[in-house]
Amino acid sequence: MAQITHYFLKMNPDELRSKLPHLLLLTCVLATAAITLFFIAFIFKTALPVFESQGLGFITGTKWSYSEQVYGIRIFIIGTLVMTAVTLLLAVPLSVFTAIFLSEFAPVRVAGIMRPTIELLVGIPSVVYGIFGLFVLENIFQDHIDPFLSGTLGFIPFFSDPSPNSGTGVLLASTILAVMILPTIIALSEDAMRAVPFEYKEASFALGATHWETIRKVVLPTASGGILAATVLGMMRAMGETMAIVMLLGNSAHIPSSVLDTGYAMTSKILNDIGYYCAMDEPRSALFGIAAVLFAMEIIFVAAARKIGGKL
Amino acid sequence: MNKRTLEGHIFKAISYIAAAITLLALVGILGRITLEALPSLSLYFIITPESDVPGLGGGIANAIAGTLLLSILSTALATPLAVGTAVYLKRYAKPGILVRAFGFLLDVLAGTPSIVLGIFGLLFLVYYMKFVTGGFSLIAGTIALTILILPVIERAAEGAIDTVPSELEEASYALGASKWDTVRRITVPFALTGILTGMVLGIGRAAEESAVVILTAGYTQFMPEFKVLPREGFLFGMKIYPFQDLTAALPITVYRSFEFPHLIPASNGFAAAFVLIVIVMLINAATRMLLWRSRIG
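Note that the protein sequences, when read in sequence, are chains S and V. Mapping to the numbering used here: the first sequence position 312 is 312, numbers consecutive. Mapping to the numbering used here: the second sequence position 81 is 81, numbers consecutive.
It cannot be assumed that every hint is accurate.
[To be verified] Cross-link-like lysine-lysine pairs, in silico, DSSO-like; alpha carbons within 27 Å at most:
(1) K130/V x K19/S
(2) K130/V x K45/S
(3) K130/V x K201/S
(4) K90/V x K19/S
[Unchecked claim] Chain S stretches covered by chain V per the calculated footprint, using a threshold of three residues with CB under 8 Å from any CB of chain V:
(5) 54–66
(6) 79–91
(7) 144–154
(8) 184–198
Since the hints were derived computationally from the structure, they do not count as laboratory data. Even glycine gets a Cβ: it sits at the ideal position worked out from N, Cα and C.
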C-alpha cells in the first residue's frame with residue numbers, strides 16, 4: 001500500500017491527472033471481468049461433486065431420486081430440447097415472413113407504426129406470458145386445439161393426445177414461447193434484411209427478376225447470417241425461460257411422447273426444487289449440475305452466434 | 001399470369017398473412033390482459049399494500065415500491081461500471097485477443113439463463129453472505145439484478161460511443177486536450193443519448209425479471225420501511241431497512257396468482273401485470289420524449 005501511495009506522490013499533478021482516469025476505467029473493466037468469471041466459476045464448482053459421483057450417467061440417466069442419490073437428467077434435457085424445437089418451428093417462419101413484410105412490402109407508414117409496436121412488446125415480462133397461457137390459452141387448448149389436432153392428425157403418434165383433460169403440454173408452452181421470442185427474431189432479421197445494399201437489389205431487378213425472386217435469391221441469402229444469429233438468440237431465450245414454462249409444460253417427469261403431451265424442462269426442475277434442497281450439499285450440487293449443463297449449452301450457442309457474425 | 005408472377009403473389013400474400021398473425025397475436029395478448037385486469041384495477045388496488053388487505057391479494061403498493069427500488073438501484077449500480085467498461089474498451093484498450101475474449105465473456109453474461117443467475121444469487125448472496133445481505137433482501141436482489149443488466153447497459157454504451165464522429169475527437173486533440181478531457185467533454189456527452197437509452201433498457205429488464213428476484217429478494221406483503229434496528233449476527237450488529245429486508249416485486253405478485261389460485265383471484269395477477277407493463281412503457285416513453293426535446297433544444 002505504501003508503495004502505491006509513494007508511486008502516486010512521486011508523479012507531478014499533470015501526470016497524475018492523466019493516469020488516474022485510465023486506472024479508474026481499467027478498474028471498471030477488471031471488476032466486470034472478475035464478477036463474470038467468479039459467477040461462472042461458482043456455478044461449475046458447486047456442480048462439480050455431482051459430476052464426480054454420477055459421471056456421464058448424470059446426462060444419460062433417466063432416474064432422479066434424492067433418497068437413492070441417483071441423479072440423471074436425460075428427461076429434462078429432452079424436455080427442454082423438444083420444447084425449444086417446436087418453439088422454433090412455430091416462431092421462425094412467422095417472424096421471417098413478418099420481417100420480409102416489414103422490410104420489403106409494407107408501406108412506409110404501416111412499417112413506421114408496426115416496428116415500434118413490436119419493439120414495445122419485447123418488454124412484456126415472461127411471467128405475464130405465463131399467466132396468460134395458463135388462465136386464457138389453457139382452456140382453449142384443452143377444449144378446441146388439442147381435440148382438433150388429435151382428431152385430425154392423431155393417426156401420427158406425434159399428434160396423439162395422452163391427456164385429454166388438460167391443455168398444458170409441449171404445444172401450449174411452445175406457443176407462448178414462440179410469441180415471446182417473435183419480437184426479438186423479427187427485429188434482428190429485419191435489421192439484417194435492411195442492411196442488404198440497395199445496389200444488390202437493383203442489379204437483380206435490372207436482370208429482370210421479380211420482386212419475390214430478388215427477395216429469395218438476393219436479400220435472404222445476403223441476410224442469412226443475421227437471420228441465423230437472430231434465431232440462435234431466440235432459441236437461447238426459449239431454452240433459458242423459467243417462469244412461463246413452470247406454469248405451462250405440466251411438470252411431469254417423463255419424455256414427452258407427442259407435442260400434446262406434458263414434459264419437464266431443465267429450468268423448471270431447478271426452480272421447483274432449489275427452495276427445498278439449497279441447504280443440503282448433494283441435492284444442491286445436483287441442481288447446480290442442471291444449471292451447469294444449461295450454461296454450457298448456452299456458452300456453445302454464444303460462440304456459434306459470434307462465429308456466424310451476428311451481433312448479440 | 002405466368003408462373004413467376006404467380007409465385008411472387010403467393011409469397012407476398014404469405015408475408016402479409018404472417019405480419020397480420022403476428023400483430024393480431026401481440027395486440028390480442030395486450031388487449032386480453034387489459035380486459036382480464038379490469039375487474040381488479042382500481043386506485044385502491046394500486047395504492048394499498050397487500051398487508052392492509054385481509055387475506056391474500058387485494059393490493060400491490062408494496063410490489064410497486066419494491067419494483068421501483070430494485071430496478072432503479074440496480075441500474076444505478078450497473079451504469080458506472082458498464083459505462084466505464086465501455087469507454088475503456090472503445091477508447092483506451094488496444095484491440096487484440098484480450099478485448100475479444102472480454103467481448104465473448106460479456107456475450108455469455110448477456111445470454112445467461114436467468115434461473116442460473118437466480119440460483120447463484122440464492123446460494124452466494126442469500127445463503128453464504130447472509131451476515132451482510134440479511135438473506136432474502138433488497139440488497140441481494142439488487143446485486144443479482146446488477147449482474148443481469150450490466151451487459152445490457154454496456155452493449156448500449158459501446159454502441160453509443162461508436163456513433164461519436166471521430167472528427168469531433170480529433171478536433172479536441174488538435175486543440176491540445178488530453179485523452180481524459182476528450183473522453184469527458186466530447187465522447188461521453190455526445191454518447192449520452194445512447195447511454196440513457198441503455199439505462200432505460202436496464203430498468204425495464206430489471207423490472208420485468210422474475211426468476212432472479214424470487215430467489216434473491218423474496219417477497220413481503222409490507223411496504224419498504226426506512227429504519228435501523230440492532231440485530232445479532234448481522235454486519236455491525238444492526239439491520240438496515242429496507243436494504244437488508246425482504247422486498248416485494250410486481251412479477252412475483254403476478255407469480256403468486258399462479259401459486260395460490262384458490263386464494264388470489266386471477267384478475268389480481270393480470271392487474272399487477274397490467275400495472276407493470278404500463279410502468280415499463282411509461283419510463284420508455286418519458287425517456288423518448290426527454291431525448292427528443294433535448295435534441296430539438
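Hints, verified against the model:
1. K130/V x K19/S: violated (38 Å)
2. K130/V x K45/S: Between K130/V and K45/S the Cα gap is close to 20 Å, so the pair holds against 27 Å.
3. K130/V x K201/S: The hint is violated at about 61 Å.
4. K90/V x K19/S: Since the Cα atoms of K90/V and K19/S sit roughly 17 Å apart, the hinted pair holds (cutoff 27 Å).
5. 54–66: Contact hint for the region 54–66 of chain S vs chain V: violated, 0 residues under 8 Å.
6. 79–91: Contact hint for the region 79–91 of chain S vs chain V: violated, 0 residues under 8 Å.
7. 144–154: As far as the region 144–154 of chain S goes, the hint is violated, because 0 residues have Cβ atoms under 8 Å from chain V.
8. 184–198: violated (count 1)
Violated hints, listed in ascending order, are 1, 3, 5, 6, 7, 8; each of the other numbered hints is respected by the structure.
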